[in-house]
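Asker: Spelled out from the first residue to the last, the chains are:
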Amino acid sequence: MKNIVKLARLSWRYLWSRPLAAVLNLLVLTLGLAAITLVLLVATQLDDAFERDLNGIDLVVGAKGSPLQLILAGVFHIDAPTGNIPLREVRALQAHPMVAQVIPLSLGDSYRGYRIVGTTPDYVQHYAATLAEGGLWQQPMDAVLGATVARGIVRADRAGEPMVGAAFVGSHGLGGGGHAHGNHPYRVTGVLKPCGCVLDRLILTSTESVWMVHETDMATDAEDLALLQAEREVTVALLRYRTPLAAVSLPRQINSGTSMQAAAPAIEVTRLLRLLGVGADVLRAFGGVLLAVAALSVFIALWNAVRERRADLAMLRMLGAPPGRVAGLVLWEALWLAALASALGLLLGHALAHGLGWALQAQGLLPVSGLVWVPAEAGVPLLAALVAALAALLPAMQAYRTDVADLLGQA
Amino acid sequence: MIRTRGLAYTYASSGVVLRFPDVDLPQGGTLLLRGRSGSGKSTWLALMAGLRGAGSGDLFVAGTQLAAQRGAEIDAWRARSIGFLPQKLYLSSALTVADNLGLVYFAAGLPRDDAAIGRALAQVGIGELAQRLPQQLSGGQAQRVALARAVLLAPEVLLADEPTASLDDEAAADALALLCQSAAACSASLVIATHDQRVVQALAGAQTLDLNQIVPPRLSGMPS
Chain E
1 MKNIVKLARL SWRYLWSRPL AAVLNLLVLT LGLAAITLVL LVATQLDDAF ERDLNGIDLV
61 VGAKGSPLQL ILAGVFHIDA PTGNIPLREV RALQAHPMVA QVIPLSLGDS YRGYRIVGTT
121 PDYVQHYAAT LAEGGLWQQP MDAVLGATVA RGIVRADRAG EPMVGAAFVG SHGLGGGGHA
181 HGNHPYRVTG VLKPCGCVLD RLILTSTESV WMVHETDMAT DAEDLALLQA EREVTVALLR
241 YRTPLAAVSL PRQINSGTSM QAAAPAIEVT RLLRLLGVGA DVLRAFGGVL LAVAALSVFI
301 ALWNAVRERR ADLAMLRMLG APPGRVAGLV LWEALWLAAL ASALGLLLGH ALAHGLGWAL
361 QAQGLLPVSG LVWVPAEAGV PLLAALVAAL AALLPAMQAY RTDVADLLGQ A
Chain R
1 MIRTRGLAYT YASSGVVLRF PDVDLPQGGT LLLRGRSGSG KSTWLALMAG LRGAGSGDLF
61 VAGTQLAAQR GAEIDAWRAR SIGFLPQKLY LSSALTVADN LGLVYFAAGL PRDDAAIGRA
121 LAQVGIGELA QRLPQQLSGG QAQRVALARA VLLAPEVLLA DEPTASLDDE AAADALALLC
181 QSAAACSASL VIATHDQRVV QALAGAQTLD LNQIVPPRLS GMPS
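These protein sequence lines are chains E and R, in that order.
The first sequence stops at residue 411 when you use our numbering, and every number in between is there.
The second sequence stops at residue 224 when you use our numbering, and every number in between is there.
Do not rely on the hints blindly, as some may be mistaken.
If you only want the chain R side, here are some residues facing chain E, beta carbon under 10 Å, derived [as the list claims (entries may be wrong)]:
{"#": "1", "residue": "Leu51"}
{"#": "2", "residue": "Arg78"}
{"#": "3", "residue": "Ser92"}
If you're looking for bench data, these hints aren't it; they were derived computationally from the structure.
C-beta: ideal position from N, C-alpha, C; glycine also.
With the hints as extra help, turn the sequences into a complete structure.
Answerer: Shown next, in the form of structure tokens:
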């Protein structure tokens, strides 16, 4: 053990005796590891988010259009919906013998970029979300805030003030910037605890609230209002099958026999992940190329170091150091680089993931954070050590075979 | 002590065989190893240090029969028993003077003794240079560092290869005196490989092994 410490200390001195080469190698290795860390963090968090948000949803029904768009809008709330569907058709689905549960979602408004979703308490129960304060909506225009929404609003302008009881006015459209529904303010009745799911980013209210806001805004007179009320719509319906057999026939029935579109999340998300996977593969390949360059760079640096230090190494052998200890010096130099690059690479990878998460969150997209640790990251130092050890192998062997007699015989 | 009997070495690449005269050097004695360049001085020193294996013959150095030793044993033996002052000094430019001496402990697998390093440097008159880098030293100072390194573990045999080469007369006399003094301080047998007449004259009473006198090398397999 003492010998290992001595070896490590001496190799550290040798490493920094050529500071420029050490810093450049460190930089290249760090960039490669940071890219791989970033991919691991983002891919794992996106996979987790998809899995969590999709859990228990067998079918998503909405207006005809892109099925992927329907899933993105109806489940993950990161895209515009394909349109609305008639309420009566959704009710018909509710009565279908193969359907266990239907959760209707009505979209269309937002507050400060956070989507207002008209739904039923089943939506909250589906994700097993619980209240941090207050209660669920009891009547139209009651609203419950997701944890991220509440944090965002408190941070923006309600620091120190209670959220429950606060009033706000939604604006038309999902991206913000639409006209305000000033005649219909919402009143916050509760705030959800963080669930790590899509509800964190939503403002929930009853479906009736959304109808009320839009019907009274759109209707020109009482007759028009009655007409709108008779033709009520929702945006999306999330379905849970009563029987697995439903997966075979129900989507086809809906797609061919109604004005609606049914999209199976499992299929669409697989497509989406394949698309995202290309990006992740490119980034991973980029990290791999950087690592290969780093390995080559470390190899060249160590090879040159061994050549430059041939006399030092020979002298060590002359002084009685066994060949293994001399080779160990070279190997340790590479391992020092690996250790430093791992720490810096992980740090940089997390910083980049955090920056990316911040940018995604600003656009209301999926949550990604640099403040989480994914188990696969434990492989980053191992990968670095492997790359460094491979790069050091030949130089270490060269050091091992140093012919001390030849060298010391030179005048 | 050094005792050789029928010592010969064959160069693997050329097949040239060197046959060395027998040597009996008592503990604390001095041997001048003379010969022109290429006469085999470095090879003889390498044999004494266990860096090369003898082709034939018996070789006892510092009480050890080297032929009976394995690689790791020879390394450990060399660390304990042999001090070496090479013609090129091979001080690591990445390390301070004190750390260069610290390599002796690292190589031998021993705990570093800073007090002993300080004493060794003081003994050769450069105690104040411990924290300097080799490139900040004069040639004479660097040679003293190499000498301090060679005698740090009080070896039984001290091998010096051309210790006065490229030194002026005064510096050569100083270097030689210091070398003899350092060897005497640890009662080491001293071997000086040289073709410097100043050394030969200064150590006129020393035992001599003249490699110029040995049978000229011949290629093995060729008719003699």
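Asker: If a hint holds in the structure, say so; if it doesn't, say that too.
Answerer: Each hint tested on the structure:
1. Leu51: For R/Leu51, the interface hint holds, since the closest Cβ of chain E sits about 4 Å away, which is under 10 Å.
2. Arg78: holds, 5 Å
3. Ser92: holds, 4 Å
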